[in-house]
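Undergrad: Protein sequences, first through last, are from chains A and B. Heads up: the first sequence begins at 1 in full-length UniProt numbering, then just goes up one per residue. Heads up: the second sequence begins at 1 in full-length UniProt numbering, then just goes up one per residue.
A couple of the hints might just be wrong.
With the Cβ distance kept under 10 Å, some of the chain B side facing chain A (calculated, not the full set) [stated by the list, open to error]:
no. : residue
1   : 17
2   : 26
3   : 38
4   : 134
5   : 152
6   : 225
7   : 229
8   : 263
9   : 267
10  : 271
Simulated from the structure, these hints should not be mistaken for lab results. Don't be surprised by glycine CBs; every beta carbon is placed ideally from N, CA and C.
Number of protein chains: 2
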Amino acid sequence: MKASLITIGDEILIGQIVDTNSVYMAKALDNIGVEVTEILTVADNSEAIFTALQNQLNKVDLVVMTGGLGPTKDDVTKKVFCDFFSDKLIENEQVLHHVTVLLEAFYNKPISDINKLQAQVPSQAHILFNRVGTASGMLMQRENTIYVSLPGVPFEMKTIFEEELLPLLRKKSNGNYNGHRTIVTYGIGESLLAEHLNEWESNLPKDVHLAYLPGFGKVRLRLSLKGKNKEKIDQTLQNQIDLLPVNARSYIIAEEDIEINEVVAKRLQETEKTISFAESCTGGKLAALFSERPGASAYFKGGVVVYATQAKIDVLKVASQLIEENSVVSEAVAMEMARQARMLFNSDYSIATTGNAGPAKGDSEAEVGTVYIGIATPEKTYAQRFVFPSPRERVVNNAVSKGLELMYKEILKNI
Amino acid sequence: MKASLITIGDEILIGQIVDTNSVYMAKALDNIGVEVTEILTVADNSEAIFTALQNQLNKVDLVVMTGGLGPTKDDVTKKVFCDFFSDKLIENEQVLHHVTVLLEAFYNKPISDINKLQAQVPSQAHILFNRVGTASGMLMQRENTIYVSLPGVPFEMKTIFEEELLPLLRKKSNGNYNGHRTIVTYGIGESLLAEHLNEWESNLPKDVHLAYLPGFGKVRLRLSLKGKNKEKIDQTLQNQIDLLPVNARSYIIAEEDIEINEVVAKRLQETEKTISFAESCTGGKLAALFSERPGASAYFKGGVVVYATQAKIDVLKVASQLIEENSVVSEAVAMEMARQARMLFNSDYSIATTGNAGPAKGDSEAEVGTVYIGIATPEKTYAQRFVFPSPRERVVNNAVSKGLELMYKEILKNI
Numbered sequence: 001m002k003a004s005l006i007t008i009g010d011e012i013l014i015g016q017i018v019d020t021n022s023v024y025m026a027k028a029l030d031n032i033g034v035e036v037t038e039i040l041t042v043a044d045n046s047e048a049i050f051t052a053l054q055n056q057l058n059k060v061d062l063v064v065m066t067g068g069l070g071p072t073k074d075d076v077t078k079k080v081f082c083d084f085f086s087d088k089l090i091e092n093e094q095v096l097h098h099v100t101v102l103l104e105a106f107y108n109k110p111i112s113d114i115n116k117l118q119a120q121v122p123s124q125a126h127i128l129f130n131r132v133g134t135a136s137g138m139l140m141q142r143e144n145t146i147y148v149s150l151p152g153v154p155f156e157m158k159t160i161f162e163e164e165l166l167p168l169l170r171k172k173s174n175g176n177y178n179g180h181r182t183i184v185t186y187g188i189g190e191s192l193l194a195e196h197l198n199e200w201e202s203n204l205p206k207d208v209h210l211a212y213l214p215g216f217g218k219v220r221l222r223l224s225l226k227g228k229n230k231e232k233i234d235q236t237l238q239n240q241i242d243l244l245p246v247n248a249r250s251y252i253i254a255e256e257d258i259e260i261n262e263v264v265a266k267r268l269q270e271t272e273k274t275i276s277f278a279e280s281c282t283g284g285k286l287a288a289l290f291s292e293r294p295g296a297s298a299y300f301k302g303g304v305v306v307y308a309t310q311a312k313i314d315v316l317k318v319a320s321q322l323i324e325e326n327s328v329v330s331e332a333v334a335m336e337m338a339r340q341a342r343m344l345f346n347s348d349y350s351i352a353t354t355g356n357a358g359p360a361k362g363d364s365e366a367e368v369g370t371v372y373i374g375i376a377t378p379e380k381t382y383a384q385r386f387v388f389p390s391p392r393e394r395v396v397n398n399a400v401s402k403g404l405e406l407m408y409k410e411i412l413k414n415i
Numbered sequence: 001m002k003a004s005l006i007t008i009g010d011e012i013l014i015g016q017i018v019d020t021n022s023v024y025m026a027k028a029l030d031n032i033g034v035e036v037t038e039i040l041t042v043a044d045n046s047e048a049i050f051t052a053l054q055n056q057l058n059k060v061d062l063v064v065m066t067g068g069l070g071p072t073k074d075d076v077t078k079k080v081f082c083d084f085f086s087d088k089l090i091e092n093e094q095v096l097h098h099v100t101v102l103l104e105a106f107y108n109k110p111i112s113d114i115n116k117l118q119a120q121v122p123s124q125a126h127i128l129f130n131r132v133g134t135a136s137g138m139l140m141q142r143e144n145t146i147y148v149s150l151p152g153v154p155f156e157m158k159t160i161f162e163e164e165l166l167p168l169l170r171k172k173s174n175g176n177y178n179g180h181r182t183i184v185t186y187g188i189g190e191s192l193l194a195e196h197l198n199e200w201e202s203n204l205p206k207d208v209h210l211a212y213l214p215g216f217g218k219v220r221l222r223l224s225l226k227g228k229n230k231e232k233i234d235q236t237l238q239n240q241i242d243l244l245p246v247n248a249r250s251y252i253i254a255e256e257d258i259e260i261n262e263v264v265a266k267r268l269q270e271t272e273k274t275i276s277f278a279e280s281c282t283g284g285k286l287a288a289l290f291s292e293r294p295g296a297s298a299y300f301k302g303g304v305v306v307y308a309t310q311a312k313i314d315v316l317k318v319a320s321q322l323i324e325e326n327s328v329v330s331e332a333v334a335m336e337m338a339r340q341a342r343m344l345f346n347s348d349y350s351i352a353t354t355g356n357a358g359p360a361k362g363d364s365e366a367e368v369g370t371v372y373i374g375i376a377t378p379e380k381t382y383a384q385r386f387v388f389p390s391p392r393e394r395v396v397n398n399a400v401s402k403g404l405e406l407m408y409k410e411i412l413k414n415i
């Protein structure tokens with residue numbers, strides 16, 4: 001089954017928002033063996049939407065559109081659906097009831113005329129019920145192509161997609177399987193890694209596709225293979241991973257598509273150890289990454305964001321003399337921050353960051369991009385100096401990534 | 001000038017990464033009056049890329065492609081460019097010199113054969129120099145359409161786009177201007193806001209386009225108008241903003257497209273006040289938002305992420321008795337966290353969060369979604385209870401948004 005995704009939204013075409021709906025839908029469709037061949041964004045106008053629908057007719061089996069289903073005048077998707085399917089809008093009683101109950105509970109007053117419009121749907125549409133909002137999902141077929149329209153608000157789209165659309169699609173996917181395995185490497189560049197893998201890559205089975213995905217401090221390798229026999233596909237991919245050469249193996253931190261903070265979190269959880277953070281230039285990003293994961297309280301004790309120099313003294317109890325003698329961006333201060341955070345939070349491990357992310361110099365004279373990362377463990381405390389390339393965002397992301405890489409190595413030693 | 005963007009990457013079609021390059025390019029093109037009519041993602045294979053190039057021929061004036069320019073075997077863009085333009089790859093001496101110098105400095109050893117391939121470009125291509133990486137940008141024209149190919153690594157794409165492509169495009173954009181004004185409202189839903197604006201909306205000039213963009217706790221309104229006369233366009237949009245009705249005005253926090261944390265940060269900076277955070281369920285997200293902004297050290301003192309209950313006692317000095325008597329997710333604890341953070345960091349204002357983001361209950365018996373937000377100011381300390389809808393991510397984002405909305409109101413009072 002082949003699919004294309006169409007996002008409707010001027011706000012994406014003028015760069016006002018990032019289209020995160022497509023990445024969610026693409027992943028969910030890939031998981032059930034549907035091949036997404038195109039992702040397209042078009043303008044909020046009837047002509048552009050109609051043309052996009054027309055272009056996909058009989059080219060793919062499924063089109064999933066998002067956006068343009070709100071109650072306001074800039075939302076035109078339903079009218080275009082009617083034109084494309086030669087249908088007309090009617091008031092759907094069940095939807096009207098749902099919208100009325102939902103809005104009266106929320107606003108504590110009778111439903112308005114504008115919101116009543118949300119109950120109008122094409123007469124022949126199969127309704128995909130929206131439990132959490134007022135814009136219904138709709139499914140219609142023309143010739144060989146199924147068209148689905150979903151609201152653009154991410155949590156509404158996700159709820160309908162999971163509860164209403166996926167169960168229907170699973171029945172139609174004919175047991176196709178898109179196998180993927182991702183290997184995450186840290187500490188080696190893309191081209192050097194490619195050199196190490198040259199021979200292995202040449203010997204991959206013809207139908208196994210290899211991709212390199214570089215990121216901050218890391219390169220991910222993805223092996224893909226499509227087919228019907230899940231067990232055989234998974235085994236073929238595992239065999240190729242087992243054949244990876246020794247000189248590439250040492251850079252692998254995970255044999256699944258997982259972020260390094262997840263790897264560290266899992267190891268902490270398995271070994272019943274805890275972590276804390278003392279962040280200056282990373283400004284709370286390390287803590288935010290760890291708190292995103294449900295159940296984090298088992299291994300994440302907390303962190304301090306000591307952005308100002310005075311906060312390092314007042315909150316973390318770093319001696320002002322140490323800062324004066326070494327500068328706030330220094331090996332000694334990074335070590336002391338890590339050591340103090342470990343004591344303050346009574347954790348097994350700590351990561352500290354102090355640096356100058358730019359664009360201008362801050363509380364120290366350190367060159368823009370200079371970052372010291374401090375690591376405290378039950379056995380030792382140390383710090384390392386790095387100079388990361390500008391701009392600011394890149395310095396911070398590199399500091400987060402490198403701090404986690406250093407911590408990963410420490411935790412590995414203790415297993 | 002009309003443009004379309006083509007992103008090449010299986011990793012986007014299977015939902016492995018979000019396409020952030022397109023949002024950057026769309027915004028940059030809109031800024032110089034270029035209208036982006038489509039954003040398309042296609043697979044990493046020659047046929048899909050060739051078809052996409054073909055489909056845009058003479059339909060738009062400019063096509064900007066990203067991706068598929070790496071040194072590894074899965075990168076096929078340059079070969080497709082040669083096919084499409086009936087050209088062949090040649091080694092470019094200038095590019096070879098640049099790649100050699102860059103890589104020898106980085107790896108401290110002679111350039112490898114794989115990396116030498118980066119110097120091969122179509123013989124007729126105009127090279128868009130990549131100062132920060134090894135994959136050159138390329139520009140070629142066929143009939144009425146200019147095709148540009150850029151690397152997919154975001155900071156490389158951005159560098160080439162700004163330094164090499166934009167100067168060329170500015171010359172060609174014929175003085176077109178895409179005028180946009182965005183108004184940010186907080187504390188009112190999309191449909192209720194639309195009711196307040198019904199008459200105003202009906203009276204908008206025909207060529208002024210209005211869009212509603214709902215988000216966490218907020219609705220943005222965007223007015224757009226295209227043309228040649230920048231001054232007149234800006235004045236027309238301003239006039240419509242001045243005509244916004246009184247019952248909508250009170251929800252406006254900014255008359256520009258800006259996040260609420262930016263608004264708070266600006267107000268703090270203008271009034272020379274400072275802020276700190278005591279975060280439990282928001283896990284460092286408030287601190288991370290404030291530290292993203294260059295120059296934050298002027299008003300952002302720091303924060304504590306006291307995720308575990310013990311950390312609230314040890315680090316923030318919240319009395320254990322207060323926690324026992326009220327529960328860790330309570331009005332009293334949120335107030336005390338805000339008060340203690342304000343003292344610890346010696347800041348004028350503090351925001352504290354304590355709640356249960358789910359999916360399971362944590363250190364308290366509070367219902368999933370319950371969040372108390374504490375606010376401390378020079379005049380008073382208070383806390384409010386909220387119940388935000390699941391899942392976890394939505395609870396956390398709503399808590400961040402609501403905390404900033406409460407703080408915004410406090411700071412307004414003091415101006």
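Undergrad: Each hint needs a verdict: does it hold in this structure or not?
TA: Verification of the supplied hints:
1. 17: 7 Å, holds
2. 26: Cβ of residue 26 of chain B sits 4 Å from chain A, so the hint holds.
3. 38: 6 Å, holds
4. 134: Cβ of residue 134 of chain B sits 8 Å from chain A, so the hint holds.
5. 152: Because about 9 Å separates residue 152 of chain B from the closest Cβ in chain A, which is inside the 10 Å limit, the hint holds.
6. 225: 12 Å, violated
7. 229: 19 Å, violated
8. 263: 17 Å, violated
9. 267: 18 Å, violated
10. 271: Status violated, d = 18 Å.
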